[in-house]
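Line by line, the protein sequences are chains A and B. Okay, so the first sequence: first residue is 1 according to my numbering, each after it adds one. Okay, so the second sequence: first residue is 1 according to my numbering, each after it adds one.
Where hints are given, some of them may not hold.
To be verified - Here are the computed lysine-lysine pairs in the DSS-like style, where the Cα-Cα straight-line distance is at most 27 Å:
hint: 1; chain 1: A; residue 1: Lys177; chain 2: A; residue 2: Lys111
hint: 2; chain 1: A; residue 1: Lys94; chain 2: A; residue 2: Lys242
hint: 3; chain 1: B; residue 1: Lys23; chain 2: A; residue 2: Lys165
hint: 4; chain 1: A; residue 1: Lys177; chain 2: A; residue 2: Lys94
hint: 5; chain 1: A; residue 1: Lys11; chain 2: A; residue 2: Lys214
hint: 6; chain 1: A; residue 1: Lys177; chain 2: B; residue 2: Lys23
hint: 7; chain 1: A; residue 1: Lys111; chain 2: A; residue 2: Lys94
hint: 8; chain 1: A; residue 1: Lys94; chain 2: A; residue 2: Lys207
hint: 9; chain 1: A; residue 1: Lys11; chain 2: A; residue 2: Lys94
hint: 10; chain 1: A; residue 1: Lys207; chain 2: A; residue 2: Lys76
hint: 11; chain 1: B; residue 1: Lys27; chain 2: A; residue 2: Lys11
hint: 12; chain 1: A; residue 1: Lys214; chain 2: A; residue 2: Lys165
hint: 13; chain 1: A; residue 1: Lys11; chain 2: A; residue 2: Lys166
hint: 14; chain 1: A; residue 1: Lys242; chain 2: A; residue 2: Lys166
hint: 15; chain 1: B; residue 1: Lys23; chain 2: A; residue 2: Lys11
hint: 16; chain 1: A; residue 1: Lys207; chain 2: A; residue 2: Lys78
hint: 17; chain 1: B; residue 1: Lys87; chain 2: A; residue 2: Lys166
hint: 18; chain 1: B; residue 1: Lys55; chain 2: A; residue 2: Lys166
hint: 19; chain 1: A; residue 1: Lys177; chain 2: B; residue 2: Lys27
hint: 20; chain 1: A; residue 1: Lys214; chain 2: A; residue 2: Lys166
hint: 21; chain 1: A; residue 1: Lys33; chain 2: A; residue 2: Lys177
hint: 22; chain 1: A; residue 1: Lys111; chain 2: A; residue 2: Lys166
hint: 23; chain 1: A; residue 1: Lys78; chain 2: A; residue 2: Lys214
hint: 24; chain 1: B; residue 1: Lys87; chain 2: A; residue 2: Lys165
To be verified - Listed below are several chain A residues computed to face chain B (Cβ distance under 8 Å; list not exhaustive):
hint: 25; residue: Arg150
hint: 26; residue: Gly157
hint: 27; residue: Ala161
Hints were generated in silico from the structure; no laboratory data involved. Glycine is no exception: its CB is placed at the ideal position from the N, C-alpha and C atoms.
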Amino acid sequence: MGRVIVITSGKGGVGKTTTTANIGMALAQRNRKVVVVDADFGLRNLDLLLGLENRVVYTAVDVLSGQCRLEQALVKDKRRGNLVLLPAAQNRTKDSVNPAQMRQLIAALAKVFDYVLVDSPAGIEMGFQNAIAAATEAIVVTTPEISAVRDADRVIGLLEANNIKKSGLIINRIRPKMVAVNDMMSVDDVTEILAIPLLGVVPDDEKVIVSTNKGEPLVLSGTPTQAGTAFENIARRLDGEKVEFLDLMVKDDLLSKIKNFFTKSI
Amino acid sequence: MLIELLEKIFPALNDRSSRQEVKNRLKLILAHDRSDLTPQMIESMRREILEVVSKYVDLDADAMDFALENTSRVTSLVANLPILRVKPEFYTVKGKGMSKETPVEDLPEISIDESAIGDLQGTSDLRNENS
Numbered sequence: 001m002g003r004v005i006v007i008t009s010g011k012g013g014v015g016k017t018t019t020t021a022n023i024g025m026a027l028a029q030r031n032r033k034v035v036v037v038d039a040d041f042g043l044r045n046l047d048l049l050l051g052l053e054n055r056v057v058y059t060a061v062d063v064l065s066g067q068c069r070l071e072q073a074l075v076k077d078k079r080r081g082n083l084v085l086l087p088a089a090q091n092r093t094k095d096s097v098n099p100a101q102m103r104q105l106i107a108a109l110a111k112v113f114d115y116v117l118v119d120s121p122a123g124i125e126m127g128f129q130n131a132i133a134a135a136t137e138a139i140v141v142t143t144p145e146i147s148a149v150r151d152a153d154r155v156i157g158l159l160e161a162n163n164i165k166k167s168g169l170i171i172n173r174i175r176p177k178m179v180a181v182n183d184m185m186s187v188d189d190v191t192e193i194l195a196i197p198l199l200g201v202v203p204d205d206e207k208v209i210v211s212t213n214k215g216e217p218l219v220l221s222g223t224p225t226q227a228g229t230a231f232e233n234i235a236r237r238l239d240g241e242k243v244e245f246l247d248l249m250v251k252d253d254l255l256s257k258i259k260n261f262f263t264k265s266i
Numbered sequence: 001m002l003i004e005l006l007e008k009i010f011p012a013l014n015d016r017s018s019r020q021e022v023k024n025r026l027k028l029i030l031a032h033d034r035s036d037l038t039p040q041m042i043e044s045m046r047r048e049i050l051e052v053v054s055k056y057v058d059l060d061a062d063a064m065d066f067a068l069e070n071t072s073r074v075t076s077l078v079a080n081l082p083i084l085r086v087k088p089e090f091y092t093v094k095g096k097g098m099s100k101e102t103p104v105e106d107l108p109e110i111s112i113d114e115s116a117i118g119d120l121q122g123t124s125d126l127r128n129e130n131s
């Protein structure tokens with residue numbers, strides 16, 4: 001049986017889909033058999049981030065309604081054959097699927113794949129309930145902003161209430177320079193507040209937008225990027241490896257040394 | 001004056017940094033978010049707990065403290081109830097004449113065998129003598 005992991009956040013726009021696409025691809029590069037499931041019915045995006053939008057024929061809803069077989073709906077990535085996408089329907093709403101159906105669908109996938117990554121929609125309503133229905137683990141994505149952290153906290157509570165005990169935190173879009181001048185919460189600030197184990201820290205990186213434009217996850221790019229390396233490290237940690245966290249802090253220059261001296265002495 | 005100047009030059013000194021501010025705001029809002037208790041429920045809980053405790057002890061009503069706290073995803077009820085004194089009916093050390101005593105003449109007689117004094121440690125010898 002493969003591991004079923006839901007990627008969720010509560011708040012929209014914090015990077016759930018980017019995270020799913022990159023971790024999925026990075027795990028595939030480690031020769032794991034991976035299926036990424038878009039659970040955002042009505043607002044699907046995972047196909048775009050993977051550059052697979054033109055190859056979507058059937059969706060999860062077609063499988064559930066018996067219009068096609070499960071293997072017909074799965075889109076195989078040409079760059080990495082062991083990465084497969086199960087697209088969500090774009091012309092249906094989140095209420096067209098129920099948790100029992102999701103459990104059935106994902107149970108079938110977990111028999112074949114090592115990892116089933118479920119990209120959850122924003123919010124905590126039906127779409128979220130569907131996404132977490134079959135999951136036994138969760139990745140909570142947040143950014144160091146008050147609204148994202150508050151929503152992440154709510155989601156962590158709901159995951160616990162739904163008996164998903166194993167959760168890891170990803171702090172996305174951290175800006176080390178802003179943290180250094182006390183204008184942004186640090187990784188420690190956020191982990192202290194949310195109190196779940198840290199799985200990874202991804203720095204704010206313009207390259208993410210470029211990779212989205214191209215439909216090519218960062219971890220595929222030949223030239224290493226900070227965010228890409230961060231996602232690769234997350235995949236390795238998920239896979240059981242011990243990997244040090246990236247040192248994102250800006251190097252101590254003379255000014256910050258003086259600053260630290262004054263902070264300590266007062 | 002000097003402090004203000006320093007704060008301007010070194011934002012790290014400033015406890016009113018936006019980082020500190022957002023942390024304080026978050027902690028407050030999360031303590032509220034995490035507990036599903038309404039103020040009414042907390043109030044009636046407080047009243048009932050005080051009722052029970054007051055059966056046994058007198059409390060200092062002015063110094064009492066009763067609040068929800070939230071650390072590491074666990075919400076706890078923290079109550080500080082200073083005790084002025086235990087109610088007299090629950091005193092554990094009783095006064096004279098309060099416990100019943102059996103009269104000496106009703107107790108079994110205790111005998112002593114002078115020659116056996118000193119054999120106290122010889123429990124095995126005792127067993128041999130008996131057998």
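Results for each hint:
With a C-alpha separation of about 45 Å, the suggested pairing of Lys177 (chain A) with Lys111 (chain A) is violated against the 27 Å cut-off. Taking the CA atoms of Lys94 (chain A) and Lys242 (chain A), the gap is near 38 Å; set against the 27 Å cutoff, the hint is violated. Proposed proximity of Lys23 (chain B) and Lys165 (chain A) is supported: the alpha carbons are some 26 Å apart, at most 27 Å. Distance restraint check for Lys177 (chain A) and Lys94 (chain A): the Cα-Cα separation of roughly 40 Å exceeds the 27 Å cut-off, and the hinted pair is therefore not satisfied.
Taking the CA atoms of Lys11 (chain A) and Lys214 (chain A), the gap is about 25 Å. The hint holds against a cut of 27 Å. Straight-line distance between C-alpha atoms of Lys177 (chain A) and Lys23 (chain B) comes to about 18 Å, which keeps the hinted pair within the 27 Å bound. This hinted pair checks out: Lys111 (chain A) and Lys94 (chain A) have alpha carbons roughly 25 Å apart, not beyond 27 Å. Of the supplied pair hints, the one linking Lys94 (chain A) and Lys207 (chain A) is violated, its CA atoms being roughly 31 Å apart against a limit of 27 Å.
Proximity of Lys11 (chain A) to Lys94 (chain A) is assessed by CA-CA distance (about 17 Å); at most 27 Å being required, the pair is judged to hold. A hinted pair counts as satisfied when its Cα atoms are at most 27 Å apart, and Lys207 (chain A) with Lys76 (chain A) qualifies at roughly 25 Å. The suggested pairing of Lys27 (chain B) with Lys11 (chain A) holds, with an alpha-carbon distance near 18 Å, which does not exceed 27 Å. At roughly 36 Å between alpha-carbon atoms, Lys214 (chain A) and Lys165 (chain A) are farther apart than 27 Å, so this suggested pair is violated.
Distance restraint check for Lys11 (chain A) and Lys166 (chain A): the Cα-Cα separation of roughly 20 Å lies within the 27 Å cut-off, and the hinted pair is therefore satisfied. Note on Lys242 (chain A) and Lys166 (chain A): the hinted pairing holds, with a Cα-Cα distance of about 17 Å set against a maximum of 27 Å. As the CA atoms of Lys23 (chain B) and Lys11 (chain A) are separated by approximately 18 Å, the hinted pair is consistent with the 27 Å bound. Between Lys207 (chain A) and Lys78 (chain A) the CA atoms are separated by roughly 22 Å; this keeps the pair inside 27 Å, and the hint holds.
For a cut-off of 27 Å, the pair hint linking Lys87 (chain B) to Lys166 (chain A) is broken: about 49 Å separates their Cα positions. At most 27 Å may separate the alpha-carbon atoms for a hinted pair to count; Lys55 (chain B) and Lys166 (chain A) exceed this at roughly 45 Å. Pair hint Lys177 (chain A) plus Lys27 (chain B) holds up; C-alpha atoms about 24 Å apart against a cutoff of 27 Å. Proximity of Lys214 (chain A) to Lys166 (chain A) is assessed by CA-CA distance (about 33 Å); at most 27 Å being required, the pair is judged violated.
Distance restraint check for Lys33 (chain A) and Lys177 (chain A): the Cα-Cα separation of roughly 38 Å exceeds the 27 Å cut-off, and the hinted pair is therefore not satisfied. About 20 Å separates the Cα atoms of Lys111 (chain A) and Lys166 (chain A), which keeps this hinted pair within 27 Å; it holds. Taking the CA atoms of Lys78 (chain A) and Lys214 (chain A), the gap is about 15 Å. The hint holds against a cut of 27 Å. For the hint pairing Lys87 (chain B) with Lys165 (chain A), the CA-to-CA distance comes to about 47 Å; that exceeds 27 Å, so the pair is violated.
Annotation: Arg150 (chain A) was flagged as interfacial toward chain B, and the flag holds, the nearest CB pair being 6 Å apart, inside 8 Å. This hint holds: Gly157 (chain A) has a C-beta 7 Å from the nearest C-beta of chain B, less than the 8 Å allowed. The restraint placing Ala161 (chain A) at the interface with chain B is violated, with a minimum CB-CB distance near 11 Å, outside the 8 Å limit.
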